[in-house]
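From first to last, the protein sequence lines stand for chains A and B. Numbering follows my numbering, with no gaps: position 34 of the first sequence is 27. Numbering follows my numbering, with no gaps: position 321 of the second sequence is 314.
Please note that a few of the clues may not be correct.
In this list, chains with the same sequence are indistinguishable; a pair is considered to hold if it fits within one copy or across any two.
As the list claims (entries may be wrong) - Here are the simulated lysine-lysine pairs, DSBU-like style, with alpha carbons at most 30 angstroms apart:
no.: 1; residue 1: K120; residue 2: K205
no.: 2; residue 1: K305; residue 2: K217
no.: 3; residue 1: K120; residue 2: K14
no.: 4; residue 1: K205; residue 2: K69
no.: 5; residue 1: K145; residue 2: K222
no.: 6; residue 1: K305; residue 2: K14
no.: 7; residue 1: K14; residue 2: K69
Treat the hints as calculated values from the structure; they're not laboratory data.
There are 2 protein chains.
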Amino acid sequence: MELRIPGPTPCPPAVLEAMTKQMINHRGREFSQIFTEITARLKDFFQTKGDVLLLTGSGTGGLEAAVANCFSPGDKVLAVSNGAFGDRFAAITQVFGAQVQRLNFPWGAAVDPEGVRQALNENPDVKGVLVTHNETSTGITNDLQSISAVVKEFDKLLLVDAISSLGCVDLPMDAWGCDVVVNCSQKGWMIPPGLAMIGINERGWQAVSQAKMPRFYWDFNAAKQYAAKGQTPWTPAVSLCYALLAALEMMAQEGMPNIFARHARVGRTAREGVKSLGLTLFADEAYASNTVTAINAPTGVNGDDLRRLLEKEYQVVLAEGQGKLVGRIFRIGHLGWVSEENIQRVMEALAAALPQVGFTPTRVAASS
Amino acid sequence: MELRIPGPTPCPPAVLEAMTKQMINHRGREFSQIFTEITARLKDFFQTKGDVLLLTGSGTGGLEAAVANCFSPGDKVLAVSNGAFGDRFAAITQVFGAQVQRLNFPWGAAVDPEGVRQALNENPDVKGVLVTHNETSTGITNDLQSISAVVKEFDKLLLVDAISSLGCVDLPMDAWGCDVVVNCSQKGWMIPPGLAMIGINERGWQAVSQAKMPRFYWDFNAAKQYAAKGQTPWTPAVSLCYALLAALEMMAQEGMPNIFARHARVGRTAREGVKSLGLTLFADEAYASNTVTAINAPTGVNGDDLRRLLEKEYQVVLAEGQGKLVGRIFRIGHLGWVSEENIQRVMEALAAALPQVGFTPTRVAASS
């Protein structure tokens, strides 16, 4: 089976093998060593001298944690969105009692930093800004560096959903001035879901010290306090920690620049591949994501019918459209444990399947 | 290594092996089948015709979820506690804005149902009651059936922390009238940490429909809605679902009465073992837990020194005292994948180690 969704991503054999290790005492020395090494290695990938906290939960839990630790009920928060995950970040913030000022861009378009500047000019009382680095629902990588520069012109707190970007594409958290960066395990790290990682700098900690939204399980102060002794406040997902350490060792061997270059190559291969079949990209290619590609279903074709056919007859699993895009697009995940050969297999399957749903590819994929 | 802490518990080889299965689409048919079978089997063990929700997080996350879904800020909640975990349940409820009325019993004693009746008489405006079934910090199993009967006399909502009991000792949720029952993966289920399970009945759902505490990631309505299609609202800990299914199959083969009887035998073996060494139990033996035993450190001996010695020289890992009991007690976990032989190994190690810390056992353990 060729699993090509934007998470969970396939796990390398070394990662799966790591999870066969027996449980240990999460309050003992061995776990503390594993935890400490994971944290140090994560900081390399977050490119930060700040803290990286490890939480047991999935990505949405990480987003909730970031919100609940940084804001107080009634705080005005600017939620910038150009897709389903930007909307989710905003929804969480609203549920926890913030006054959410939404700044929406069309799905498939990138966030315009100029629009962020205007919104901040019009809303000087904003406490912080929420931005999605890579919008998984549409396949757009927003220009986070420029957006962050604008947010910092106004000296505002910046929370970044980097769930499907960090570890795959460059995100120098400190250099770009991102205060709180949320990530999770089943994306670039090539391990199963169940862990969230939070990068946080001094500015982020200042916000935590003032924030009054309720949190207990997600409490960053508790996480920091226990991290000092190589522990987590509540029992961590031990087997996923084993997996993460194995994956981080693999990633350190490959090296960050090589990982980013591989994702860039694979992303290009995916986009060129679908275009060569006569399909069209859903999102603005100038901001095309190197971790996920969204493709318009051909006219008259339901994207979900195509996906079901690909899975049943070609053992290729692609992702559905989300929210208003159900059936209208389908998505190829190409992050984590992925190479050009994986994408080639997807293109071969598409070339064979498309005629079966009534669409004639302009030409078969390159290697067929 | 003999890991004898009250979670994470050791995992059987079949469980570890199950986690080597490759990732699949959590929105696809195969995951849906796994999820549906897990849920059905969990309902057998929760002994409920209500719902069992599967959340990605650890046990404390499950407690937070129960609180946030059942209450509104300002609600008066009676928090019954006789240990560290009862206190934690109360603390979460307070953090989320409830007016917490505490009813504390001494650590090492059981909750007295008569005390609960008196508290409810004195606080007729209480919205719900929090109770810990098995207090892991002291090794007491509270008489949940009697406590629940009292709570139901007053027609109040009952939330139960059953984290270290359910799946090990009898807890017929429906028969006893427990409305919301919280459990998690690294205890009786013999799998790694990272999943929480919530049993909830009709009365529980009524509370959810009125509750106004903020929740997004933990939202029970979202979990129920997605469960209807065999999914979770957010990406689940897929590898732990594989593990859980494998464990549930093993548990179904052994059978619930046999599992409970095994825990009763093992618990008795632990208590008789330590007493035969001349050690004393910390908690009231009339309410002794069959999943964890707390033992007083001998006079003049620091329990943590003894634990370190046991780990270093005898490869036996026991748990520390929590909160005010640090160093004063040590604990033996005997839940999940455990038999009398495991306890016998602990007793042999204790018999050998105790003289090294200056305590002469009254006699060596039976089999030595």
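Discussion item. Hint compliance check: list the failing hint numbers for this structure, sorted ascending.
Written reply: Those not satisfied are hints 3, 5 and 7.
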